[in-house]
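Listed in order, the protein sequences are those of chains A and B.
Taking our numbering, the leading residue of the first sequence gets 1, the next gets one more, and so forth.
Taking our numbering, the leading residue of the second sequence gets 1, the next gets one more, and so forth.
It cannot be assumed that every hint is accurate.
[Unchecked claim] Below 27 Å or equal to it, Euclidean Cα-Cα: the simulated DSS-like pairs (lysine-lysine) are:
{"hint": "1", "chain 1": "A", "residue 1": "LYS116", "chain 2": "A", "residue 2": "LYS138"}
{"hint": "2", "chain 1": "A", "residue 1": "LYS141", "chain 2": "A", "residue 2": "LYS224"}
{"hint": "3", "chain 1": "B", "residue 1": "LYS30", "chain 2": "A", "residue 2": "LYS116"}
{"hint": "4", "chain 1": "A", "residue 1": "LYS21", "chain 2": "A", "residue 2": "LYS117"}
{"hint": "5", "chain 1": "B", "residue 1": "LYS30", "chain 2": "A", "residue 2": "LYS117"}
{"hint": "6", "chain 1": "A", "residue 1": "LYS141", "chain 2": "A", "residue 2": "LYS21"}
{"hint": "7", "chain 1": "A", "residue 1": "LYS117", "chain 2": "A", "residue 2": "LYS224"}
{"hint": "8", "chain 1": "A", "residue 1": "LYS138", "chain 2": "B", "residue 2": "LYS30"}
{"hint": "9", "chain 1": "B", "residue 1": "LYS30", "chain 2": "A", "residue 2": "LYS224"}
{"hint": "10", "chain 1": "A", "residue 1": "LYS198", "chain 2": "A", "residue 2": "LYS224"}
{"hint": "11", "chain 1": "A", "residue 1": "LYS141", "chain 2": "A", "residue 2": "LYS117"}
{"hint": "12", "chain 1": "A", "residue 1": "LYS141", "chain 2": "A", "residue 2": "LYS116"}
For the record, the hints were derived by calculation from the structure and aren't laboratory data.
Quick caveat, the model's predicted, so the values are computed rather than measured.
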Amino acid sequence: MEKNLEVIQITETRSAGTEPKAQFLRGVQAGIPIAIGFIPCAIAFGLLSRSAGIPIYIGGLMSFMVFAGASQFVAVNLIMLSTSFGEIVLTTFILNLRHLLMSASISQRMDENISKKFRALLAFGVTDETFTMATMQKEEKLDPFFILGLNLTAFSAWNIGTWIGILAGSALPETIQASMGITLYVMFIGLLVPSFRKSLPIAVVALTAIVIHSVLMWVPFLPKLSTGWNIIIATVIAAFLGALLFDKGSDKS
Amino acid sequence: MKYGFLLLVFMLLVTYIPRMLPLVLLRDIKLHPFFDRFLKFIPPAVLGALIFPGILTSTGNLASAIAGGIAALILALFNINLTLVVIGGILSALLYQILIM
Numbered sequence: 001m002e003k004n005l006e007v008i009q010i011t012e013t014r015s016a017g018t019e020p021k022a023q024f025l026r027g028v029q030a031g032i033p034i035a036i037g038f039i040p041c042a043i044a045f046g047l048l049s050r051s052a053g054i055p056i057y058i059g060g061l062m063s064f065m066v067f068a069g070a071s072q073f074v075a076v077n078l079i080m081l082s083t084s085f086g087e088i089v090l091t092t093f094i095l096n097l098r099h100l101l102m103s104a105s106i107s108q109r110m111d112e113n114i115s116k117k118f119r120a121l122l123a124f125g126v127t128d129e130t131f132t133m134a135t136m137q138k139e140e141k142l143d144p145f146f147i148l149g150l151n152l153t154a155f156s157a158w159n160i161g162t163w164i165g166i167l168a169g170s171a172l173p174e175t176i177q178a179s180m181g182i183t184l185y186v187m188f189i190g191l192l193v194p195s196f197r198k199s200l201p202i203a204v205v206a207l208t209a210i211v212i213h214s215v216l217m218w219v220p221f222l223p224k225l226s227t228g229w230n231i232i233i234a235t236v237i238a239a240f241l242g243a244l245l246f247d248k249g250s251d252k253s
Numbered sequence: 001m002k003y004g005f006l007l008l009v010f011m012l013l014v015t016y017i018p019r020m021l022p023l024v025l026l027r028d029i030k031l032h033p034f035f036d037r038f039l040k041f042i043p044p045a046v047l048g049a050l051i052f053p054g055i056l057t058s059t060g061n062l063a064s065a066i067a068g069g070i071a072a073l074i075l076a077l078f079n080i081n082l083t084l085v086v087i088g089g090i091l092s093a094l095l096y097q098i099l100i101m
């Protein structure tokens, strides 16, 4: 009898949420702007790794195994400069360390019932773009199948673009390619700015991060750190101030 | 190519482990409300830090980057669909790029 009850409860929580397939497709749809931004960027990466003389399979596998845009470009540059193994790995680590914060943040938006295995799978797809797209959704709790669809779309676009770049070997016209470089930035603007109208704390935190990053970058006499560190420091200070200044409730509209 | 596949494995490890540990380990931990609020503010803080000043060098031309950024800002303020914000931003940057050539 008790076992039966348990079964009923499981099916009820299942049907209470939206169907996995529908959530997955919602995620794929949300991933389309990311894909638009990733493909030209990945083509550029493929071209760079090709022209750097890196074996085709290494360039292709890097997108498949590492899946972290900026650090892949940096790694290829460092390989070209014959930098040491340890230095490339350390640089990759520092550039991607911010995903630690994102992973912690997204874990608070996911249901406890979601298994550790599923979480470990979703973690592979945590990037600046998928993370911000997921967490700027209205829902308090994020559906794992939504994130799966989102991540898979972004991952596919990144890998397809990489292979186009590696194999085609010829770029888009330069003007178009340069303009496409802005794609992910304008996507970030499109994700962030509408939330300003709903929540003052969100606006304050975001603007604080902008000011801190600018200070770190431009104020003379400050130690010049890599972009990876600058983003981490700006994010941590701004989110910390936000948590200090705005107590619960007030971060909701 | 000196390092090859082994380099990829190490890059995978140092990238994946920070992405994976918090998601897996924080599942069963009840966080202090302050830390919880801190984590809730990570998304807007990350977005701010990513957008600026990075956007200024995104097109290789300061003026076209500003043009694209401002166009996106205006479209986003009007709460227009995200894909249209993205397309509007790219087109503005492109248009500027073509005009100045």
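*asked:* Checking each numbered hint in turn, tell me which of them this model violates, lowest number first.
replied: The structure conflicts with hints 2, 7, 9 and 10, although it agrees with all the remaining ones.
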